[in-house]
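There are 2 protein chains.
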Amino acid sequence: MRWSKALIPTLKEVPAEAEIISHKLMLKAGLIRKVASGLYNFLPIGFKVYHKIEKIIREEMDRAGALEILMPIMTPAELWIETGRWNLYGKELVRVKDRANREYALGPTHEEVVTDLARTEIRSYRDMPKNFYQIRNKFRDEIRPRFGVMRCREFIMKDAYSFDRNEECAEESYKIMFEAYKKIFTRCGLDFRPVEADTGNIGGSFSHEFMVLANTGEEVIINCPACGYAANREKAEGVSAFCGNDKEESKPLEKVSTPGQHTVEQVTSFLKKTSSELVKTLLYMADGKPVAALVKGDDELNEHKLKNFLKAAELVMMTEQEVEAATKAPVGFAGPVNLSGMKIFADNAVMKMKNFVIGANEKDMHYVNANFERDFKINKFIDLRTAGEGDTCVKCGQILSSLKGIEVGHTFKLGLKYSKAMKAEFLDEDGKRKPMVMGCYGIGVTRIIGAAIEQGNDENGIIWPMALTPYQVIITALNYKEEKVKEIADSVYEEFMAAGIEVILDDRDGSAGFKFKDAELIGIPLRITVGNKAVNEGVFEVKVRKSKEEFTLKREELLSKIKALIEKELTK
Amino acid sequence: MRWSKALIPTLKEVPAEAEIISHKLMLKAGLIRKVASGLYNFLPIGFKVYHKIEKIIREEMDRAGALEILMPIMTPAELWIETGRWNLYGKELVRVKDRANREYALGPTHEEVVTDLARTEIRSYRDMPKNFYQIRNKFRDEIRPRFGVMRCREFIMKDAYSFDRNEECAEESYKIMFEAYKKIFTRCGLDFRPVEADTGNIGGSFSHEFMVLANTGEEVIINCPACGYAANREKAEGVSAFCGNDKEESKPLEKVSTPGQHTVEQVTSFLKKTSSELVKTLLYMADGKPVAALVKGDDELNEHKLKNFLKAAELVMMTEQEVEAATKAPVGFAGPVNLSGMKIFADNAVMKMKNFVIGANEKDMHYVNANFERDFKINKFIDLRTAGEGDTCVKCGQILSSLKGIEVGHTFKLGLKYSKAMKAEFLDEDGKRKPMVMGCYGIGVTRIIGAAIEQGNDENGIIWPMALTPYQVIITALNYKEEKVKEIADSVYEEFMAAGIEVILDDRDGSAGFKFKDAELIGIPLRITVGNKAVNEGVFEVKVRKSKEEFTLKREELLSKIKALIEKELTK
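Going down the list, the protein sequences come from chains A and B.
So the first sequence is numbered by the working numbering: it starts at 1 and just counts up by one.
So the second sequence is numbered by the working numbering: it starts at 1 and just counts up by one.
For reference, chain A alone in the conformation it holds in the complex (with noise of 0.2 Å):
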């Protein structure tokens, strides 16, 4: 490609809206420009690298047995009313009605049709393993859209779901997409981390993220430096480094003014005590039912851990009124002592603690030196708090660290879910029907463009892995005017168009400067300036854009030192 003839248009500024960098460079360096609020036109050099990323993924998803299908992206209200999703997805899904006024929801994902498809194309037991894929454009009203590509309303994604006559052999379908996702990302030269995680809206019995690995990162990824254990911060668990002693004497309760404190920090500091002396009563409403869970002053709840043990729907704090109407107290003084009408549970990490301080369901008041047992009863102990950083590894026991990451696939072992709903059964061997196993495998495919931003860039813009750049190799070509320099640049572009790599001309008028910029900033791979050295002695400067190394090739050598450079990038 020429740059004459492409459409490549860098900015200089970008609209502060713009937040993190890849957003900012994505529109710096004119890979997408935004036509409303979380919809984005992309532009060529933007598709170029849409486009290599959903042929990798292509090419693994058909190598893993899987198999391409279309599915419409208006999709008729019945199935989704079916599985009860029509009511439960809320504002995100965009319904549409035609002209008769039937109802529609485009697609945020597609587990309806596709289950509605088994159930009438999947007869027996021989016909199982299947797994149908599709690359297309999904839809999520955002209630905030921004990042660009990272949280848009229509992006595309890549969805599979496989269908099993029975758990194990889902096991082994998740296994092998499990893999395929591991040789996808890998081929997309990305530093990746596969993690547990919490199946959330999906639902089912298991699921990983697959985390690109960078610090501006949205998700906390809590793993072990030992034993490679990994999982994303809703779902990690860990061993909390101070425990509590269950074998100090018990003090006498005492029930103490705290005027005016109440947060953990200013009950603790006005009674001189630390956080982890206190724990903590948070009330909730689960399902319209209230529920106490208590953590550890210096712990965070983790909802979804909460949730999760109460098979519940909807997980809500409850509102002043509701704390009100609980504890007879204002917010703030909520306790466990005398505390009725609700199941209190308690996380792992306070259950040998003794002498702690608590709220004591009084405006202005906690008690001090509470015990378990002597002073109030909880229904269980489970893991409630949110793992982190410095905690203990729950399988190997050393110390967890944690890292950022941005999530782009995610696998669900979703069981039976949709195919009980649905009624999506076969006939087994042994004569019976029953319901298809089910696992889907989502990657946000244009979400990937942005994430190798993060985990690529410095201060003069983006830096691409050699398997996603929309160009290989760029010609910068100073005073392209000048008949010997065009001679020259011409000869090499041909040659290298003819040699099948990917290549771009900048034959524009303008500095060196100007354009050794607009180079760096979409972040081409290698660069090769025809300039005055190449005219005057036949010598072509390198630079590689991710190095920074610069170094001087001949004429003679030119294409096979760079496409020996390319291979080496793409298979290392």
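These are computed hints drawn from the structure, not numbers from a lab.
Mixed in with the good hints, there may be bad ones.
[To be verified] On the chain B side, residues computed to face chain A include the following (Cβ under 8 Å):
no.	residue
1	Ala6
2	Val35
3	Val94
4	Asp141
5	Arg144
6	Gly332
Since we're looking at a predicted model, the values are computed, not measured.
Ideal placement from N, C-alpha and C gives every residue a C-beta, glycine not left out.
Starting from the known structure of chain A, arrange chain B on it as the hints suggest.
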């Protein structure tokens, strides 16, 4: 691919709603399944055919210098309002509201979005020509979706839009696309014809349709075997075979009773005349204003021609009430004599007629021996009739014939329609701001699948062109469970796979007849049978789907001969 691992759910019976052969065969051969009215799942082999077409289109568009982009499916109402199409498009436009109550259209075409992109990113004459294209889902809420993928509500289109600095360059861009389209349909292995067409709702100055020829096609193409002139029925011009004789002597006008005779046939047979001796008077409302159009009794009025001549946005036949109000007579007796309050246009073909029959604007009455000027005046003679087989070619004077076809592509020279409405301007060399000159170019990607089947089928099923077939070769293994058969079939399969041939191995249980039937139904061009002859004599029976030709090959020549057959088909 092994058939046992694939999903090719062939059917014996198809739903009665499938009216045309391609719809029937796409269901029967397991290419598609209906999700809702006008919404389909493309199953794996349907997707494979789609993907081959997409690849051919992408390669030829890139080769022609077009730049691939991706525009959102949800397109903001504001853009549609700018061009007036938000109202004009009516119910065919699928409209969506987001959670903030902002309105969007699910793009049926993307002139507005791409023109918005161009007016922001194209600034100077130096930035042109530019041609942007995308291959994506489109939405049209058809009043009556039918014919499977031929007229559905969600389909995949390749849409391209060119931007040029002046008319001359725009025509050059149009020509490049026209040639690219010819290459695309040729490479798809289709028998097609580009024809002149009406610009319809898209507007612009001229346009061509690309028609796949098929006896079952909905569109009529008028073409001249002598000079190559071809146009669709809406657009075609032709000179009527019999056009009257203005040398005939005028006879006196006479009002005659034609009790209960309404239609041309009834009136002429009652009066013992031929239908070419009568002039029909057709009454319309053009943007709310009445207008009369006269055509010869045996001709058909072409509403597109009348509408285009009047530059009307809307042209509808008068209702019964409107006819009665305008003519003071019931429907069936309208005529131009003493017809007031409207302009009267007559088709060129009646210009030389003398002593003809016309309605008398009175119940059960007609005039005979009516003549122009003496009995009534008309405002203008224009081309109003629908041309047909047997007419004389306006270009070369030879006799026109007609063909049937299916529209799979449409190119429009748009001119300034959208760039003026949306102020898409650039700075020209002379320092003046000018609107860009546009063209737009569509291909119905999923529709091509249906068209290819309409063109290639017989009583046994689909006959794919080699370029579009989901698999080039099917290996039909008879008694695959027999070890010897399995061994040979697997070895051929592995060899073909390694050689890059697209091959499917029918490894299912089932009789030879059952397997041959399915192979014919899904239309694979070459079938290799692995049966007793292969086991005992090392001889393989080959059947060519299209020619029904059968021959045998030895094991050692199997790959090379089959490969040569495929190559021959792909390059012819």
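Now the hints, each set against the structure:
{"no.": "1", "hint": "Ala6", "in the structure": "7 Å, holds"}
{"no.": "2", "hint": "Val35", "in the structure": "5 Å, holds"}
{"no.": "3", "hint": "Val94", "in the structure": "6 Å, holds"}
{"no.": "4", "hint": "Asp141", "in the structure": "5 Å, holds"}
{"no.": "5", "hint": "Arg144", "in the structure": "11 Å, violated"}
{"no.": "6", "hint": "Gly332", "in the structure": "34 Å, violated"}
The structure does not agree with the numbered hints 5 and 6 stated previously, though it agrees with the rest.
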